[in-house]
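**Q** Single-letter residue listing:
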Amino acid sequence: MPTQLESDVQTSEDAFRTEVRQFLATNFPDELKGTGNMMAGLDGPTDENPVQKKWREAVGGRGWGTPTWPKEYGGGGLTKGQARIIEHEFAKVGAYNPIGGMGVMMFGPTLLEYGDERQKLEHIPPICRGEIRWCQGYSEPNAGSDLANLQTFAVDKGDHYLINGQKTWTSGGQWADKCFAIVRTDRSDKHKGISFMLIDMDAPGVEVRPITMISGTSPFCETFFTDVKVPKENLVGKEGQGWTIGKRLLQHERTNISGGGRLAGMMGQSLGDIAKKYCETGGDGALVNKVLRDKIADLEIRWNSFLLTARRAVEESKAQGGVSEISSVLKKVGTKLAQDRSELLIEIRGFQGLGWEGDEFGNDELEDVRGWLFGKAATIYGGSTEVQNNIIAKRVLGMLDHQ
Amino acid sequence: MAVLSEEQEMLRNMARDWATKESPVSEFRKVRAAGQPQAYNADAYAAMAEMGWVGIIIPEAHGGSDFGFLSAGLVIEELGKTLTASPLVATIIAASAILLGGSDAQKAKWLPRLASGETVATLAVDEGAHCDPSAIETSVSGGKLTGKKAFVHEAHGASLFVVAAKDGLYLVEKGDGVSLTTRKLTDQRSHADIQFAGAAAEKLEGGGDSLLGDVLDRARVLSVAEMLGMAQAVFDTTLDYLKQRVQFNQVLATFQALQHRMADLFADLTQMRSAVEAGLQAVDSGFGVARAATIAKAEANRVLHAISNQGIQLHGGIGMTDEFNVGFYLKRARVLEASWGSSSYLRDRFARLSGY
Numbered sequence: 001m002p003t004q005l006e007s008d009v010q011t012s013e014d015a016f017r018t019e020v021r022q023f024l025a026t027n028f029p030d031e032l033k034g035t036g037n038m039m040a041g042l043d044g045p046t047d048e049n050p051v052q053k054k055w056r057e058a059v060g061g062r063g064w065g066t067p068t069w070p071k072e073y074g075g076g077g078l079t080k081g082q083a084r085i086i087e088h089e090f091a092k093v094g095a096y097n098p099i100g101g102m103g104v105m106m107f108g109p110t111l112l113e114y115g116d117e118r119q120k121l122e123h124i125p126p127i128c129r130g131e132i133r134w135c136q137g138y139s140e141p142n143a144g145s146d147l148a149n150l151q152t153f154a155v156d157k158g159d160h161y162l163i164n165g166q167k168t169w170t171s172g173g174q175w176a177d178k179c180f181a182i183v184r185t186d187r188s189d190k191h192k193g194i195s196f197m198l199i200d201m202d203a204p205g206v207e208v209r210p211i212t213m214i215s216g217t218s219p220f221c222e223t224f225f226t227d228v229k230v231p232k233e234n235l236v237g238k239e240g241q242g243w244t245i246g247k248r249l250l251q252h253e254r255t256n257i258s259g260g261g262r263l264a265g266m267m268g269q270s271l272g273d274i275a276k277k278y279c280e281t282g283g284d285g286a287l288v289n290k291v292l293r294d295k296i297a298d299l300e301i302r303w304n305s306f307l308l309t310a311r312r313a314v315e316e317s318k319a320q321g322g323v324s325e326i327s328s329v330l331k332k333v334g335t336k337l338a339q340d341r342s343e344l345l346i347e348i349r350g351f352q353g354l355g356w357e358g359d360e361f362g363n364d365e366l367e368d369v370r371g372w373l374f375g376k377a378a379t380i381y382g383g384s385t386e387v388q389n390n391i392i393a394k395r396v397l398g399m400l401d402h403q
Numbered sequence: 001m002a003v004l005s006e007e008q009e010m011l012r013n014m015a016r017d018w019a020t021k022e023s024p025v026s027e028f029r030k031v032r033a034a035g036q037p038q039a040y041n042a043d044a045y046a047a048m049a050e051m052g053w054v055g056i057i058i059p060e061a062h063g064g065s066d067f068g069f070l071s072a073g074l075v076i077e078e079l080g081k082t083l084t085a086s087p088l089v090a091t092i093i094a095a096s097a098i099l100l101g102g103s104d105a106q107k108a109k110w111l112p113r114l115a116s117g118e119t120v121a122t123l124a125v126d127e128g129a130h131c132d133p134s135a136i137e138t139s140v141s142g143g144k145l146t147g148k149k150a151f152v153h154e155a156h157g158a159s160l161f162v163v164a165a166k167d168g169l170y171l172v173e174k175g176d177g178v179s180l181t182t183r184k185l186t187d188q189r190s191h192a193d194i195q196f197a198g199a200a201a202e203k204l205e206g207g208g209d210s211l212l213g214d215v216l217d218r219a220r221v222l223s224v225a226e227m228l229g230m231a232q233a234v235f236d237t238t239l240d241y242l243k244q245r246v247q248f249n250q251v252l253a254t255f256q257a258l259q260h261r262m263a264d265l266f267a268d269l270t271q272m273r274s275a276v277e278a279g280l281q282a283v284d285s286g287f288g289v290a291r292a293a294t295i296a297k298a299e300a301n302r303v304l305h306a307i308s309n310q311g312i313q314l315h316g317g318i319g320m321t322d323e324f325n326v327g328f329y330l331k332r333a334r335v336l337e338a339s340w341g342s343s344s345y346l347r348d349r350f351a352r353l354s355g356y
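Sequences listed follow chains A and B, in order.
Counting from 1, position 136 in the first sequence corresponds to residue 136 in full-length UniProt numbering; the numbering is continuous, with no gaps.
Counting from 1, position 127 in the second sequence corresponds to residue 127 in full-length UniProt numbering; the numbering is continuous, with no gaps.
Chain A with its partners taken away, still in its complex shape:
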């Protein structure tokens, strides 16, 4: 027997589900069914057609792309249960969430936590409407894994900061409107000399140069700052608080790199099914090459327990509130498994799985080759696997500093 409270919740959830269905029936155009979210991706320019624009505005207008964010800043103001209903109902009709990108995944949650009222009112609503693309100004040529070694400097000029320096691996920098960056405001303290600032990408003195990667694509940029003026109100938190805020944002990033739908989507079709197309099978439909078959099963078992772990992390963080401490495990495990999968896919396809270009190769084959190469970045960015290991050892396992 459900309690009165449980049945009330049930009734209100049913009503909300009906509301979502009606919204979809009215606003979601058939022609977008099953298509992806270009605006949220890192690897393409903003190139929105009028139908996509209308869909984005419909979802963004209600705050349903960021359902649990507060209503006063343009979010949906909904419960987690209602957010799940949106996700579920959207998926059922093949509708994508048009609101995404680094603003949603990383910057927004961080600003909601650390920003002042004026900053939240200025920056969160455009994220909820999907109008602004954010990029991340973190890494520098001499500040990779040793991120706190960053040297880009902001001089206090009274009503503004004057910024000089260089960022690198700026994902989507060439398409971004704004950049959340960690910069140095004090050279005397490595960690406490860092501040978190918001920079307009079209401000004078900002120059962006795409970097060509081994995969042949250019999703990352070098970003140069020469005497760039940043108004004082674009400082988030206090001067010197940037390392704390910046690390918090990385927690959100790691959870998204590993647990997000992006990676799950990348894994796509079962390797066993693909192998049956490229390799000999016996009368029972099993792969004749038992060694390869064993390797595939081993990888797929580990991938399955990774998905279960990602699900558990979500459930745990919902139950406890806040990011689960196993987010570092997800990043490390998920990226490694994705790389292992790409390598195994090449073994399955042979030379046909190593095509660079040409009509003799299928689109999936060519995409997987580029994905294999680009995937090498996944264990480097967002805190390399080695950095993740340090974090797990020290913060989770309480092992002492090795330096």
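Derived from the structure by calculation, the hints contain no laboratory data.
All values reported here derive from a predicted model rather than from experimental measurement.
Quick reminder that beta carbons are idealized off the backbone N, C-alpha and C, glycines included.
Hints are not guaranteed to be accurate.
These stretches of chain A come out as covered by chain B in the derived footprint (C-beta under 8 Å, 3 or more residues) [as the list claims (entries may be wrong)]:
| id | stretch |
| --- | --- |
| 1 | 288–301 |
| 2 | 338–351 |
| 3 | 377–390 |
Simulated DEER-style distance windows between Cβ atoms [to be verified]:
| id | chain 1 | residue 1 | chain 2 | residue 2 | range |
| --- | --- | --- | --- | --- | --- |
| 4 | A | HIS191 | B | PRO24 | 57 to 65 Å |
| 5 | A | LYS54 | B | SER134 | 52 to 60 Å |
| 6 | A | ARG118 | B | ASP66 | 44 to 52 Å |
| 7 | A | PRO231 | B | SER5 | 48 to 56 Å |
| 8 | B | ASP66 | A | ILE214 | 56 to 64 Å |
Simulated coverage check for chain B against chain A, where a stretch passes if three residues somewhere in it have a Cβ under 8 Å from a Cβ of chain A [claimed, not checked]:
| id | stretch |
| --- | --- |
| 9 | 1–8 |
| 10 | 73–83 |
| 11 | 233–243 |
| 12 | 267–281 |
| 13 | 292–300 |
| 14 | 342–349 |
Model the placement of chain B on the given structure of chain A, informed by the hints.
**A** Frame of chain A; chain B shown alone:
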């Protein structure tokens, strides 16, 4: 850790408390020293039954507490942490077989006896040194079962056997036509080959063609809960040791090579826990059991194997001594890895279930 209900948390805390206070590894040492073939403390098992653990998956109507498999796993995990020697897992597995395949009369007769601890039961499937349910020669004619079962867990304490024959599962009571040959394995628990020579047998008629497979999946998810507890215990003990042991004027835990190895093992253990809990939850929900149980056992085998080896390595020489507990876990680990499907068996099964 899966998100638990209040009831489940209480159950787990009670089991943790009991295992820590009443059944630390020193109790297993006593059992070993006593050298009895049944290899468990009958008083301790009676206490477990009293607390409702043996009847944990048995409906209340048959004297159980009906908490389900995830809850059973919570208790078994805590007992695994301290290597508690008992026929608890074996009896719960047997109970699951009777629940799935037994008639109302069989359930009414046996389940209350199992739940109360009066009757210890165990599952006997394999006839050789490997898990191979497709190679069963045992047969039944005129209600008499004949065949040989190998390396049966908890055979000495059991008075009821759930035996796999060519045409299904049978209940056989210890008695005429049942003879045991003790097989001493590294874990120093109860194992025996059993010769059935025309023993009186009663078939479990329900459960359909998949009964044996379904019971084996339940054996897998229950066994991996014990393995999870063991892996967690070895990991925790090893981590504590690394934080205390000083070499080169430095605590071992400050060496980055060891930190990264522990980070790897922690990630593995996290994966294992997810797979184990999902396996137990799958049985409770009745959805995707074969696949979930296969993943759970395969991951448990992989991870416990690695952690039990690294537990010895990271303890150094002292880990090689009988005085230190870590070796006990290694020896029990391999026995459980071989039970109900080795890693290679499970990968083959996963591929078959996935259609390649």
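**Q** Taking each numbered hint in turn, which are not upheld by the structure, reported in ascending numerical order?
**A** 2, 4, 6, 10
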